[in-house]
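Participant: Protein chains in written order, with our numbering: chain C, -18 to 294; chain L, 25 to 296; chain H, 418 to 882.
In short, the hints are calculated from the structure, not lab data. Ideal Cβ positions, reconstructed from N, Cα and C, are used throughout, including at glycine. Take these hints with a grain of salt, some might be off.
Taking lysine-lysine and the DSBU-like style, the derived pairs with C-alpha atoms no more than 30 Å apart in a straight line are [stated by the list, open to error]:
no.	chain 1	residue 1	chain 2	residue 2
1	C	Lys120	C	Lys43
2	H	Lys804	L	Lys139
3	H	Lys748	H	Lys493
4	C	Lys46	C	Lys105
5	H	Lys748	H	Lys799
6	L	Lys278	H	Lys674
7	C	Lys256	C	Lys162
8	L	Lys139	H	Lys847
9	H	Lys800	H	Lys789
10	C	Lys43	C	Lys162
11	L	Lys139	C	Lys43
12	H	Lys800	H	Lys674
Examples of chain H residues lying across from chain C (beta carbon under 8 Å, computed) [claimed, not checked]:
no.	residue
13	Ala622
14	Cys642
15	Asp646
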Amino acid sequence: MLSRSANNLFWLTRYMERAEYVARLIETAIRLTSMSKSVQAGMNEWHSILEASGCEESYYEKHEKVSARAVIDHLLRDRSNPSSVLSCFETARHNGRTERTSLSNDIWEAVNQTWHEARQLTDKDFTSDGVRGVLDWTKNRSLLFRGAVSSTMLRNEAYWFARLGLFLERADNTARILDVKYHTLLPSPDEVGGGLDYVQWTAILRSVSAARAYHRIYHRELKPWLIAELLILRPEMPRSLMACMNEMIYLLDLLGRELGHEGECSRLAGQLHSKLRYGRIDDIIQQGLHEFLTDFIDDSVVLGNEISQQYLT
Amino acid sequence: MRIRVTHKTIYRYDTPIDFSFQAIRLTPQPFIGQRVLSWRVREEDEGVLPNYMDGFQNVVSLLTLLREHEEAQVTAEGVVDVSDQKGIINGAPEPLPILYFLRQSPRTAISDALKSLASAVDGTDPVLQLHDLMNCIHKQVRYDTQATHVQTTATQALEAGAGVCQDHAHIFIACARALGFPSRYVSGYLLSSEPGREETFEASHAWAESYIERVGWVGFDPANQVCPTDQYIRTAVALDYDGAAPVRGVWRGKAEESLAVTVSVQQTGADQ
Amino acid sequence: MGGEVACRPHYRQILEWLNETPTDLLEAKRREAEILFRRIGITFAVYGEGGDPERLIPFDIIPRVISAAEWAFLSKGLEQRVRALNAFTWDVYHEQEIIKAGHIPPELVLHNESFCAEMQNLNVPGRIYNHISGIDLVRVGENDFYVLEDNCRVPSGVSYMLEDREVMMRLFPDLFSMHDIAPIAQYPEILLETLHSIAPRPSVADPTVVLLTPGAFNSAYYEHCFLADEMGIELVEGPDLFVDHNVVYMRTTRGAKRVDVIYRRIDDAFIDPLTFRADSVLGVPGLMGAYRSGNVAIANAVGAGIADDKSIYIYVPEMVRFYLGEEPILKNVPTFNCDDADDRAYVLEHVDELVVKEARGSGGYGMLVGPKATKDQCEEFKKRIVKTPGEYIAQPTLALSTVPTFVDSGVAPRHVDLRPFILQGADGIKIAPGGLTRVALREGSLVVNSSQGGGTKDTWVLVSR
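In isolation and in its complexed conformation, chain C is listed as follows (with noise of 0.2 Å):
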């Protein structure tokens, strides 16, 4: 197929998976405001979730100081963000259209009908009170993409680059959202058990739609080196960066196969994949966690690109 058709498709799915992260980050920093008492905790969750979304740099282009209400304007519809919910939104159906005849009808309703429905939003849906409908209408927006994307797609090459970009923005989300809230699962005497800390642990858990699966896997209650085991290693965990990077080996050697060519991209993501199926959590928060997820935030940007130089230029 074109380059420019797979990089559409790569970048289709990233853009629809962007959109339910920010949406869920949103949720996360609106939960956990609501439970603390300081207004001074409340400014730092919207601070966190800036960083946490990468939309740090673009807010502060346009704002000086941190509110919540700023905040949610600019990550869920404030068009000059890229990253904003109706921004990605809004670039995914522009991909969408372009890569029509490579989409199923239903994929393409999912977009379009999005896109349609997003249009209509009103400033009405954006008071504290709209927003949660908002929240949850992006998420269904997106799992219903989703849906569409694995039950009606040919398992083509189209299909492995789409899941390909889903797998990789999704990688990088959960390693986004750990690296920001590192801190809190760091054995610290003085908080550890403290009534924050578990709220934290909770909203972390929730952000990925991991609370229960917590629960199944370790009966017991939260400890944040299991948190980081559950996000970081286990295989059976979706949004787990394991999980993400055993599908992204598994879709990177069927393209190899199937187009003839195995690259430099094929290479870092072996690399990337098997330290995390021989990692072990007790060594990565010895060496310090926060290292070792932005090492993993950078590695995967650079794996982006050589998936780009290879395939998608």
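Position chains L and H against the provided structure of chain C, taking the given hints into account.
Facilitator: Below, chains L and H alone, put in the same frame as chain C:
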């Protein structure tokens, strides 16, 4: 006269780019009075460039660079034997009907000022008329490399009263067409009158050709007020500069392109 | 139907059906059609005008019917005209015999904006220039058609022809079973065959054909997607292609792939920034080198527009006689050239009966519709014609036939035109039975353009039993 030409163009981009394409019209073709002994257009790393013939039967060399690069070096070089034909062109490829060259083009669009310059021309004989036109332009438009730029039209150059060979040629073509002579733009090389001196401007030269009934195509160089002699090598023709430009390029990426050009045109070999 | 309207026999069943069907059902079907079009996404993009950037072209649910006999006549005429236009284009880019023989003034061709010197002496694959032609026709009476305009560059609208049929079949299956209608769904397949037939490397069994689009912001983008999809070929944009050593390649996930045939839907001026407009980002640098080297075929050929130029139109009947030695089957609208003394005298005498147009103008600017103009306007135009006669042509107003159309007030007669699509490959000429019928939805209007209240209809060609 035997002339050796070495024409180096270095393309530089201020930031690295992934793709660039250049169309290069720098290959002389044989006709009566111009014998090409050897010629090639090559890029430093790519070797001899592929080429094709355009609609005017000019040879167009194409440089395609699809890897990351900041620089490309193109050299056109060869040896040509030229003899004086009093500016008359015989035996050159003529794919297009003569009347085509009465057509206006963006660079040679007619204006009142050009019309009045044309109508002031003296002489009953076509040859004399065109010579007079050439002399008038030479007088009215002084040589000045600062007065015009590569996009200037005939009308603008005449108004400025100054320009380079390209502008002289455009003005001549516009006026000659207004007088009813099919005319065209010629690009090529000119042997400097001072041997051994490296020229960078007028060594790459441009002039005009007009069609005269019962005579044929005749060259006129208003910049130097002569008809081409055995010091002129002709490489490309077209309606105006745009079609005969020695280099035309496009590239993708946010880079600025700069060109460094050196041209050496020298007498050589047996006739020296 | 109003009783004053005479009805032709092949419309009989349609009219019976209309009489039996209650108006509110027709209205419901009309709305259903609109929903279908919206869902399929058949829109034409109009950016920068505010409002919905992706609009629907109104669709009329009453088909336009052409009898078998009439189609037989029409298709013969179309084939003849398209062959002549192609022969003309080959000739002007080679020996120019028609000019030498004095049948057409040389300046008209050589100084024409549409004459492309870059095509001179190029032996295009299969000697074909207008692979896809859209010929705009109007009918004024039995077997009496006039050609309004030839489209030899990038004629569009064929997706409407195909989708109108699809929607009609979904809405009125019974109506289809009552008639014997020639199918048109094979059009994309024939188009692909046509494009295959001009592939320059005969040794390659399965040549690579691509559709080159200016991109998603083009008003006909839907059609580009539709055709690429139906033919199963890649829809490419300029940057997807590159030229190396005079060969065209496309960038794919498997690496560079050689391209043999380009079905381009971008204008000549934008096709190669190294040859034409330097500011074009839609084209492919060096494409003309590959084309002139014989390594790629382009449909329609670059420079094909010389045959459909307004000022050349007058000479098409002459082309038919000159190249084919036949009498033209389809008529030109009689055109008076105000530069000609006799013609001018006639025009000045009859200005109130004629449509006067600028020879080089487009879009109805500077046009006089005599029967609808005031006396002052007529006088004004007479003065202009006398001053610069070369800039004007004049044509009689035609008594266009009308067909039944479903409008707000019910079923009423409306004016239509017809654009059939003629495919011409190295393997011959093929015509999809039908075409795009455009209808002027406003009462009395002769303007069928979608920008001015025009709509489309499904076009049925009946098969003789």
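Participant: Hint by hint, where does the structure go against what was stated? Just the numbers, ascending.
Facilitator: Per hint list: 8, 11, 12, 13 violated.
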